[in-house]
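Peer 1: As given, the protein sequences belong to chains A and B, one line each in that order.
Each residue of the first sequence is one higher than the one before, counting from 1 in the numbering used here.
Each residue of the second sequence is one higher than the one before, counting from 1 in the numbering used here.
What the hints contain is simulated information worked out from the structure, not anything from laboratory work.
One thing to keep in mind: the hints can contain errors.
[What the hints assert, rightly or not] Among the chain B residues that face chain A by a calculated CB cut under 8 Å, a handful are:
(1) Tyr6
(2) Leu8
(3) Leu10
(4) Ala13
(5) Ile17
(6) Phe20
(7) Leu29
(8) Met38
(9) Ala42
(10) Thr57
(11) Phe64
(12) Ile66
(13) Ala70
(14) Asn86
(15) Gly88
(16) Met98
All C-beta atoms, glycine included, are put in the ideal place defined by N, C-alpha and C.
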Amino acid sequence: MSLVLQGTATDWAFSVRALLPVVLLALTGLVVFGINSLRPDGRDNKLLALTSIAGTLSALGVAIWYLLAGTGQPTHGGAISLFSGAIIVDGLGLFFTAIFASVATLVIAASYDYFESDANPASFYSLLLLATTAMGLMAVSNSLVTVFVSLEMASLPSYALVAYLKDNRGSVEAGLKYFLIGAVSSAVLAFGISLVYAATGSLLLPEVAAQIGSVGDLNGVLGVGVVMVAGGVAFKTASVPFHFWAPEAYEGAPAPVSAFLSSASKAAGFAVGFRVFATGFQPALDIGIDWGLLFGLLAVVTMVLGNFAAATQTEVKRMLAYSSIGHAGYALIGLAAITAGASATNATVMGAAMAHLFVYGFMNTGAFLFIAMVERWGVGRTFEDYAGLAERAPMASLAMAVFMFSLAGLPLFGGFLSKYVLFLGAINAGFWWLAAVGAVTSALSLFYYSRVVKALWLESPTTDLDAVGDVPTGLYAAVIVAGVVTVLLLPGFGPVIETAEAAAAALFA
Amino acid sequence: MVPPEYYLVLSAAIFCIGLFGILTRRNALYFLMSAELMLNAAVINLVAFSFQWGNLTGQTFALFVIALAAAEVAVGIGIVLVLYRNFGDVDVLNAATMRW
């Protein structure tokens, strides 16, 4: 096998059409750059924000259109393979692209107000759009090369986004810590990929899967490689053992960036994890490399650690950061409850985890954007400082209450159904202990989520809330939209879980 | 021909040296160099096994890894620069206003 280029010309028009959501995001990022270089001194915050939102909304629209039309799904000719199989457009890729585009839309709408007085908002919007582009690529990567390249493409703008407030010590410190751990874990991922290549002689996921049966003596090398790739996934999803950047980065970063990282970036990590392990490393389960058990242990530790640490926090933003680690643990069940050969139950659990990430994308983004609004008002950061905010900002506080109860999994909002289906799927797959730990930690999480609601609605203000009267349009709209979607996902959960399970079933077919 | 095990030992050794540097050094620039060392360990593996397997996939990927490592350092240096401006030092332990 050599790398001689094929004689036939690549059909660029077809590739662009198949990858249209990602291409639209990339083009929007470049258009924002273009606007800024044509008018370097005009700040054009509104124009830039509207351009960016137009781009993310059209990417979202195309992704949903493709999902409804069945592009790349088994009913319509199966997954579309591009660039010699390095990129594959299928239900999973489109589903996750829809998550990234929705989160990016909400975050950009919020950033319009958050960075109102910023000297150069164009760099913020373009970094955000390019990171979203890279996440879209992560979701369609079908080769360890594209996985690594797109993961780095997503990480590099994220480091800059976290450290975006150059004169704010918290932001710089958060960026430094995120970068240091990111650099180490990307090196670990690269080394893991090189070991997988050493054992199997290929980097395309289906070819890796085909070679795993015949690795022979290099079994151990392959095992170490698989574990190291799992480490790379753990970093991107903020799971144990590479989770400790998350509280720092989410606390110090500007709140819209925290929203983006904890929702979209986490989902992107899972998109990569789901595809790499389901498509590439599934046969490794047969030769004794039990990565399912590894993810099971990581899921338990992540759920317990995230939820217990969240319960002890005094600052709301840091509590949400730990809660987002806990939610990474729930989604890890989708990778943990995998047994060799059981395609149907595997697809159910993985689909449930995808649906949970979808719901999580709205409720968690909304919660962080509420914090962005509070930061803008200049109210403090602790639970006590949030006391009595409902009197001044009832709509936003109502939305925050919806996010908190939905994150906890109370049976009135979208977050309940996604957790319920996930735990039920785990039980049906024979992993009752994962579901048990998930249910217990969810019950615990109600304690610290309800503290926020209690402070907002029941306690009387401890600080001066005069600044709260101001209503930032974009931020408010983003929070309300996220709240409405979180509520609507309770009756509208059916199509989401069906799409997710069909996408997951295609991986295990 | 050098047996492939030797390459694995070499790359594992370089990877561990890089990891050791990251765990012990406090200067952010040493930290960057150590991370580079770990990435280069991966590159050695890729090139060695590209030769072993007789395909060019590994060598091509090695070029991508080198390019990405350069991009990573560019962003990293930028962050180290703002670190120096804010904290007056490039000691990674100085930046500890939030608890770990």
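Peer 1: Decide, hint by hint, whether the structure agrees.
Peer 2: Here is how each hint holds up against the structure:
no.	hint	result
1	Tyr6	12 Å, violated
2	Leu8	7 Å, holds
3	Leu10	12 Å, violated
4	Ala13	12 Å, violated
5	Ile17	12 Å, violated
6	Phe20	12 Å, violated
7	Leu29	12 Å, violated
8	Met38	4 Å, holds
9	Ala42	4 Å, holds
10	Thr57	5 Å, holds
11	Phe64	6 Å, holds
12	Ile66	11 Å, violated
13	Ala70	11 Å, violated
14	Asn86	5 Å, holds
15	Gly88	11 Å, violated
16	Met98	5 Å, holds
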